[in-house]
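Undergrad: Sequential numbering of the sequence shown, starting at 3, is according to this note's numbering.
Misleading hints may appear alongside valid ones.
Restricting the straight-line Cα-Cα distance to at most 25 Å, the calculated cross-link-like pairs of lysine to any residue (SDA-like) are [stated by the list, open to error]:
1. 23 with 301
2. 144 with 20
3. 144 with 37
4. 59 with 131
5. 144 with 181
6. 59 with 36
7. 59 with 37
8. 144 with 296
Treat the hints as calculated values from the structure; they're not laboratory data.
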Amino acid sequence: MLLGTWNLENLYRPGGPFGPKDEAAYGAKLAALAAVITELDPALLGVQEVGDPEALKDLAGMLDDDWQLALSEHPDSRGIRVGFLSRTAVTVLADTTAFPAELRPVQVDDSGVTVARAGRGFLAVEVEDGPLRVAVCHLKSKLLSYPNGRFQPRDEGERARYGAYALYRRAAEATALRALADELLDGDGRARDVAVLGDLNDEVQAATTQILLGPPGSEIGTPGYEKADEGDAARLWNVAPLIPPGERYSRVNSGRRELIDHVLVSHRLVHRVTAAGTGLPGEGPPGLPSVGPDPAQRRGAPGSDHAPVWIRVGG
3 MLLGTWNLEN
13 LYRPGGPFGP
23 KDEAAYGAKL
33 AALAAVITEL
43 DPALLGVQEV
53 GDPEALKDLA
63 GMLDDDWQLA
73 LSEHPDSRGI
83 RVGFLSRTAV
93 TVLADTTAFP
103 AELRPVQVDD
113 SGVTVARAGR
123 GFLAVEVEDG
133 PLRVAVCHLK
143 SKLLSYPNGR
153 FQPRDEGERA
163 RYGAYALYRR
173 AAEATALRAL
183 ADELLDGDGR
193 ARDVAVLGDL
203 NDEVQAATTQ
213 ILLGPPGSEI
223 GTPGYEKADE
233 GDAARLWNVA
243 PLIPPGERYS
253 RVNSGRRELI
263 DHVLVSHRLV
273 HRVTAAGTGL
283 PGEGPPGLPS
293 VGPDPAQRRG
303 APGSDHAPVW
313 IRVGG
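Construct the entire structure; sequences and hints are all you get.
TA: In C-alpha coordinates:
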(Lines of atoms letter the chains of each structure in order from A and count residues from 1; the text may use other names and numbers.)
(Lines give C-alpha, C1' and ligand atoms only; values in the text may rest on other atoms or scores of the structure.)
Protein backbone atom coordinates (compact mmCIF):
# COMPACT_ATOMS: atom_id res chain seq x y z
CA MET A 1 0.00 0.00 0.00
CA LEU A 2 1.26 3.46 -0.88
CA LEU A 3 0.11 6.33 1.34
CA GLY A 4 1.01 9.90 0.46
CA THR A 5 0.41 13.62 0.73
CA TRP A 6 0.49 16.29 -1.96
CA ASN A 7 -0.13 20.02 -2.04
CA LEU A 8 -1.90 20.48 -5.40
CA GLU A 9 -1.18 24.25 -5.49
CA ASN A 10 -4.29 26.36 -6.04
CA LEU A 11 -6.64 23.77 -7.48
CA TYR A 12 -9.48 25.95 -8.77
CA ARG A 13 -11.64 25.88 -11.82
CA PRO A 14 -10.89 28.77 -14.20
CA GLY A 15 -12.45 32.20 -13.98
CA GLY A 16 -11.86 33.12 -10.35
CA PRO A 17 -9.19 35.34 -8.80
CA PHE A 18 -6.78 32.52 -7.86
CA GLY A 19 -7.07 29.75 -10.44
CA PRO A 20 -6.17 29.42 -14.14
CA LYS A 21 -7.41 32.16 -16.40
CA ASP A 22 -8.82 29.88 -19.10
CA GLU A 23 -9.88 26.33 -19.87
CA ALA A 24 -6.65 25.52 -21.67
CA ALA A 25 -4.52 26.33 -18.65
CA TYR A 26 -6.94 24.46 -16.40
CA GLY A 27 -6.79 21.40 -18.61
CA ALA A 28 -3.00 21.48 -18.61
CA LYS A 29 -2.90 21.70 -14.84
CA LEU A 30 -5.31 18.79 -14.38
CA ALA A 31 -3.44 16.66 -16.89
CA ALA A 32 -0.13 17.24 -15.15
CA LEU A 33 -1.59 16.43 -11.71
CA ALA A 34 -3.41 13.34 -13.00
CA ALA A 35 -0.27 11.99 -14.65
CA VAL A 36 1.64 12.13 -11.35
CA ILE A 37 -1.17 10.54 -9.32
CA THR A 38 -1.59 7.77 -11.89
CA GLU A 39 2.13 6.98 -11.79
CA LEU A 40 2.27 7.25 -8.00
CA ASP A 41 -0.70 4.87 -7.70
CA PRO A 42 -1.59 5.59 -4.06
CA ALA A 43 -4.19 3.72 -2.05
CA LEU A 44 -4.84 6.96 -0.14
CA LEU A 45 -3.59 10.45 -0.93
CA GLY A 46 -4.03 13.43 1.37
CA VAL A 47 -4.29 16.67 -0.61
CA GLN A 48 -4.00 20.37 0.17
CA GLU A 49 -4.97 23.61 -1.58
CA VAL A 50 -8.23 22.36 -3.03
CA GLY A 51 -9.81 25.71 -3.81
CA ASP A 52 -12.87 24.36 -5.58
CA PRO A 53 -14.45 21.02 -4.64
CA GLU A 54 -15.66 20.60 -8.22
CA ALA A 55 -12.05 20.87 -9.41
CA LEU A 56 -11.09 17.88 -7.28
CA LYS A 57 -13.97 15.97 -8.85
CA ASP A 58 -12.63 16.96 -12.28
CA LEU A 59 -9.20 15.67 -11.30
CA ALA A 60 -10.61 12.39 -9.97
CA GLY A 61 -12.49 11.95 -13.24
CA MET A 62 -9.19 11.90 -15.12
CA LEU A 63 -7.87 9.00 -13.02
CA ASP A 64 -8.42 5.30 -13.55
CA ASP A 65 -11.16 3.46 -11.61
CA ASP A 66 -13.57 5.10 -9.18
CA TRP A 67 -12.00 7.24 -6.47
CA GLN A 68 -13.64 8.18 -3.19
CA LEU A 69 -13.35 11.86 -2.22
CA ALA A 70 -13.46 13.46 1.22
CA LEU A 71 -13.06 17.21 1.75
CA SER A 72 -12.90 19.45 4.78
CA GLU A 73 -15.78 21.87 5.18
CA HIS A 74 -13.42 24.45 6.71
CA PRO A 75 -11.60 26.37 3.95
CA ASP A 76 -9.47 29.45 4.54
CA SER A 77 -10.15 32.97 3.25
CA ARG A 78 -9.08 31.96 -0.27
CA GLY A 79 -11.36 28.93 -0.20
CA ILE A 80 -8.55 26.35 -0.08
CA ARG A 81 -8.98 23.26 2.05
CA VAL A 82 -7.60 19.77 2.65
CA GLY A 83 -9.02 16.44 1.58
CA PHE A 84 -8.41 12.87 0.50
CA LEU A 85 -8.44 10.82 -2.67
CA SER A 86 -8.97 7.15 -1.79
CA ARG A 87 -9.37 3.94 -3.75
CA THR A 88 -11.60 2.52 -1.00
CA ALA A 89 -14.41 3.91 1.10
CA VAL A 90 -13.50 6.18 4.00
CA THR A 91 -15.45 7.34 7.02
CA VAL A 92 -14.92 10.90 8.28
CA LEU A 93 -13.93 10.83 11.95
CA ALA A 94 -13.27 14.55 12.44
CA ASP A 95 -13.28 17.83 10.54
CA THR A 96 -12.19 20.53 12.92
CA THR A 97 -10.40 23.84 13.34
CA ALA A 98 -10.63 23.87 17.14
CA PHE A 99 -7.70 24.78 19.36
CA PRO A 100 -7.44 22.87 22.65
CA ALA A 101 -9.53 24.53 25.34
CA GLU A 102 -6.44 25.49 27.34
CA LEU A 103 -4.79 27.28 24.40
CA ARG A 104 -5.48 31.02 24.30
CA PRO A 105 -6.09 32.98 21.06
CA VAL A 106 -2.96 34.14 19.24
CA GLN A 107 -2.15 37.55 17.73
CA VAL A 108 -2.11 37.69 13.92
CA ASP A 109 -1.32 41.30 12.98
CA ASP A 110 -0.21 44.71 14.22
CA SER A 111 -3.75 45.77 15.07
CA GLY A 112 -3.91 43.15 17.80
CA VAL A 113 -6.51 40.92 16.12
CA THR A 114 -6.39 37.37 17.48
CA VAL A 115 -7.60 33.99 16.24
CA ALA A 116 -8.80 31.06 18.31
CA ARG A 117 -9.09 28.47 15.54
CA ALA A 118 -6.93 27.03 12.77
CA GLY A 119 -7.05 28.81 9.45
CA ARG A 120 -7.87 25.59 7.60
CA GLY A 121 -9.66 22.48 8.83
CA PHE A 122 -7.96 19.27 9.93
CA LEU A 123 -9.70 16.29 8.34
CA ALA A 124 -9.43 12.77 9.78
CA VAL A 125 -10.79 9.62 8.17
CA GLU A 126 -10.79 5.88 8.74
CA VAL A 127 -10.11 3.59 5.81
CA GLU A 128 -12.48 0.66 6.10
CA ASP A 129 -10.06 -1.94 4.74
CA GLY A 130 -7.48 -1.08 7.45
CA PRO A 131 -8.56 -0.11 9.81
CA LEU A 132 -6.26 2.83 9.16
CA ARG A 133 -6.85 6.25 10.69
CA VAL A 134 -5.34 9.22 8.86
CA ALA A 135 -5.44 12.98 9.45
CA VAL A 136 -4.50 15.54 6.80
CA CYS A 137 -3.54 19.15 7.46
CA HIS A 138 -2.20 22.36 5.97
CA LEU A 139 -0.59 24.55 8.62
CA LYS A 140 -0.03 28.31 8.43
CA SER A 141 2.48 29.25 5.75
CA LYS A 142 5.91 30.76 6.30
CA LEU A 143 5.31 32.88 3.20
CA LEU A 144 4.35 36.18 4.79
CA SER A 145 1.66 38.59 3.71
CA TYR A 146 1.21 42.10 5.00
CA PRO A 147 -1.67 44.59 5.26
CA ASN A 148 -3.36 45.74 2.04
CA GLY A 149 -2.32 42.64 0.11
CA ARG A 150 1.42 43.34 0.21
CA PHE A 151 4.00 40.54 -0.02
CA GLN A 152 6.91 42.84 0.85
CA PRO A 153 7.31 44.54 4.25
CA ARG A 154 7.72 48.27 4.75
CA ASP A 155 10.79 47.64 6.92
CA GLU A 156 12.59 44.86 8.76
CA GLY A 157 10.65 45.49 11.95
CA GLU A 158 7.42 44.71 10.14
CA ARG A 159 8.98 41.59 8.59
CA ALA A 160 10.04 40.32 12.00
CA ARG A 161 6.66 40.98 13.61
CA TYR A 162 4.68 39.26 10.86
CA GLY A 163 7.12 36.36 10.92
CA ALA A 164 6.36 36.02 14.62
CA TYR A 165 2.60 36.22 14.04
CA ALA A 166 2.83 33.43 11.44
CA LEU A 167 4.91 31.34 13.84
CA TYR A 168 2.39 31.86 16.65
CA ARG A 169 -0.37 30.59 14.39
CA ARG A 170 1.59 27.64 13.04
CA ALA A 171 2.58 26.54 16.56
CA ALA A 172 -1.01 26.81 17.79
CA GLU A 173 -2.25 24.85 14.78
CA ALA A 174 0.39 22.16 15.36
CA THR A 175 -0.79 21.91 18.96
CA ALA A 176 -4.39 21.49 17.80
CA LEU A 177 -3.32 18.86 15.27
CA ARG A 178 -1.43 16.98 17.98
CA ALA A 179 -4.63 16.94 20.04
CA LEU A 180 -6.44 15.34 17.09
CA ALA A 181 -3.61 12.81 16.74
CA ASP A 182 -4.07 11.92 20.42
CA GLU A 183 -7.71 11.14 19.70
CA LEU A 184 -6.81 8.93 16.74
CA LEU A 185 -4.09 7.09 18.68
CA ASP A 186 -6.32 6.76 21.75
CA GLY A 187 -3.27 5.81 23.82
CA ASP A 188 -2.77 2.66 21.75
CA GLY A 189 -0.25 3.48 19.04
CA ARG A 190 1.37 0.07 19.47
CA ALA A 191 -1.79 -1.55 18.13
CA ARG A 192 -3.34 1.16 15.93
CA ASP A 193 -2.34 2.16 12.40
CA VAL A 194 -2.42 5.97 12.52
CA ALA A 195 -0.88 8.52 10.17
CA VAL A 196 -0.78 12.32 10.26
CA LEU A 197 0.24 13.90 6.99
CA GLY A 198 0.17 17.13 5.06
CA ASP A 199 1.84 20.44 4.41
CA LEU A 200 3.34 21.47 7.77
CA ASN A 201 5.01 24.51 6.18
CA ASP A 202 8.21 23.85 8.10
CA GLU A 203 11.06 21.39 8.15
CA VAL A 204 11.83 18.30 10.20
CA GLN A 205 13.66 19.97 13.08
CA ALA A 206 11.37 23.00 13.32
CA ALA A 207 9.74 23.43 16.72
CA THR A 208 6.27 23.35 15.18
CA THR A 209 6.98 20.03 13.45
CA GLN A 210 8.49 18.59 16.61
CA ILE A 211 5.30 19.37 18.56
CA LEU A 212 3.55 16.66 16.55
CA LEU A 213 5.91 13.86 17.57
CA GLY A 214 4.67 13.50 21.12
CA PRO A 215 6.98 11.91 23.69
CA PRO A 216 10.67 12.53 22.82
CA GLY A 217 13.07 9.75 21.92
CA SER A 218 13.18 6.73 19.60
CA GLU A 219 13.40 8.73 16.37
CA ILE A 220 14.32 6.77 13.26
CA GLY A 221 18.07 6.34 13.11
CA THR A 222 18.66 6.72 16.85
CA PRO A 223 19.76 3.87 19.18
CA GLY A 224 16.34 3.94 20.85
CA TYR A 225 14.38 3.27 17.66
CA GLU A 226 14.39 -0.52 18.04
CA LYS A 227 13.80 -0.43 21.79
CA ALA A 228 10.25 -0.43 23.12
CA ASP A 229 9.37 2.14 25.77
CA GLU A 230 6.32 3.69 27.38
CA GLY A 231 6.22 6.54 24.88
CA ASP A 232 5.49 4.22 21.95
CA ALA A 233 1.75 4.26 22.68
CA ALA A 234 1.50 8.02 22.09
CA ARG A 235 4.45 8.75 19.80
CA LEU A 236 4.46 9.61 16.09
CA TRP A 237 7.49 9.03 13.87
CA ASN A 238 8.44 11.34 11.01
CA VAL A 239 9.49 9.14 8.08
CA ALA A 240 11.84 11.83 6.68
CA PRO A 241 15.03 9.90 7.61
CA LEU A 242 13.84 7.03 5.40
CA ILE A 243 13.76 9.29 2.32
CA PRO A 244 17.02 9.11 0.31
CA PRO A 245 19.08 12.22 1.21
CA GLY A 246 19.20 13.55 -2.34
CA GLU A 247 15.40 13.41 -2.56
CA ARG A 248 14.64 14.81 0.88
CA TYR A 249 12.76 17.94 -0.21
CA SER A 250 9.23 18.70 -1.35
CA ARG A 251 9.53 22.37 -2.35
CA VAL A 252 12.16 24.80 -3.59
CA ASN A 253 11.90 28.21 -1.93
CA SER A 254 14.02 30.93 -3.58
CA GLY A 255 16.47 28.29 -4.74
CA ARG A 256 16.62 26.48 -1.37
CA ARG A 257 15.36 22.92 -1.15
CA GLU A 258 13.16 22.23 1.88
CA LEU A 259 11.09 19.33 3.14
CA ILE A 260 7.89 20.96 4.41
CA ASP A 261 5.42 18.19 3.52
CA HIS A 262 5.51 15.28 5.93
CA VAL A 263 4.18 11.83 6.80
CA LEU A 264 4.14 10.88 10.49
CA VAL A 265 3.06 7.43 11.62
CA SER A 266 2.28 5.42 14.75
CA HIS A 267 4.47 2.73 16.32
CA ARG A 268 2.55 -0.11 14.70
CA LEU A 269 2.79 1.52 11.28
CA VAL A 270 6.38 2.79 11.30
CA HIS A 271 7.84 -0.69 11.61
CA ARG A 272 5.97 -1.78 8.47
CA VAL A 273 7.23 1.08 6.26
CA THR A 274 9.31 -0.51 3.50
CA ALA A 275 10.16 2.67 1.55
CA ALA A 276 9.65 6.43 1.63
CA GLY A 277 10.26 9.14 -0.91
CA THR A 278 9.32 12.37 -2.63
CA GLY A 279 8.16 12.81 -6.20
CA LEU A 280 7.70 9.60 -8.16
CA PRO A 281 9.26 6.31 -7.02
CA GLY A 282 12.38 5.42 -8.95
CA GLU A 283 12.73 8.79 -10.69
CA GLY A 284 15.30 10.40 -8.39
CA PRO A 285 15.14 13.97 -7.03
CA PRO A 286 11.91 15.83 -7.86
CA GLY A 287 12.16 18.44 -10.59
CA LEU A 288 10.48 21.44 -8.99
CA PRO A 289 10.30 25.13 -9.87
CA SER A 290 11.83 27.63 -7.47
CA VAL A 291 9.13 29.82 -5.97
CA GLY A 292 9.28 33.27 -4.40
CA PRO A 293 7.19 35.17 -1.85
CA ASP A 294 4.27 35.99 -4.16
CA PRO A 295 2.02 32.95 -4.84
CA ALA A 296 0.26 34.82 -7.66
CA GLN A 297 3.37 34.45 -9.82
CA ARG A 298 2.44 30.82 -10.56
CA ARG A 299 -1.23 31.41 -11.19
CA GLY A 300 -2.37 28.96 -13.85
CA ALA A 301 0.94 27.05 -14.00
CA PRO A 302 0.55 23.33 -14.75
CA GLY A 303 1.21 20.76 -12.05
CA SER A 304 2.25 21.86 -8.58
CA ASP A 305 5.16 23.63 -6.91
CA HIS A 306 5.25 20.81 -4.30
CA ALA A 307 6.32 17.21 -4.73
CA PRO A 308 4.27 14.36 -3.28
CA VAL A 309 5.70 12.73 -0.16
CA TRP A 310 4.86 9.06 0.27
CA ILE A 311 5.48 5.82 2.13
CA ARG A 312 5.05 2.24 1.09
CA VAL A 313 3.67 -0.04 3.80
CA GLY A 314 3.99 -3.82 3.97
CA GLY A 315 1.54 -6.25 5.52
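Undergrad: Verify the proposed pairing of residue 144 with residue 181, using a straight-line Cα cut of 25 Å.
TA: holds (22 Å)
Undergrad: Can the restraint linking residue 23 and residue 301 be considered satisfied, given a maximum Cα separation of 25 Å?
TA: The given pair, whose Cα atoms are some 8 Å apart, holds under the 25 Å limit.
Undergrad: Is residue 144 within 25 Å of residue 20, Cα to Cα?
TA: holds (19 Å)
Undergrad: Would you mind confirming whether the straight-line C-alpha gap from residue 59 to residue 131 stays at or under 25 Å?
TA: holds (23 Å)
Undergrad: For the pair we were handed, residue 144 and residue 37, check the Cα-Cα distance against 25 Å.
TA: Status violated; Cα separation ~29 Å.
Undergrad: Given the hint that residue 144 pairs with residue 296, test it: the Cα-Cα distance must not exceed 25 Å.
TA: holds (12 Å)
Undergrad: Does the structure keep residue 59 and residue 36 at a Cα separation of 25 Å or less?
TA: holds (12 Å)
Undergrad: Holds or violated: residue 59 with residue 37, Cα cutoff 25 Å?
TA: Within the cut-off at roughly 15 Å; holds.
The structure does not agree with numbered hint 3 stated previously, though it agrees with all others.
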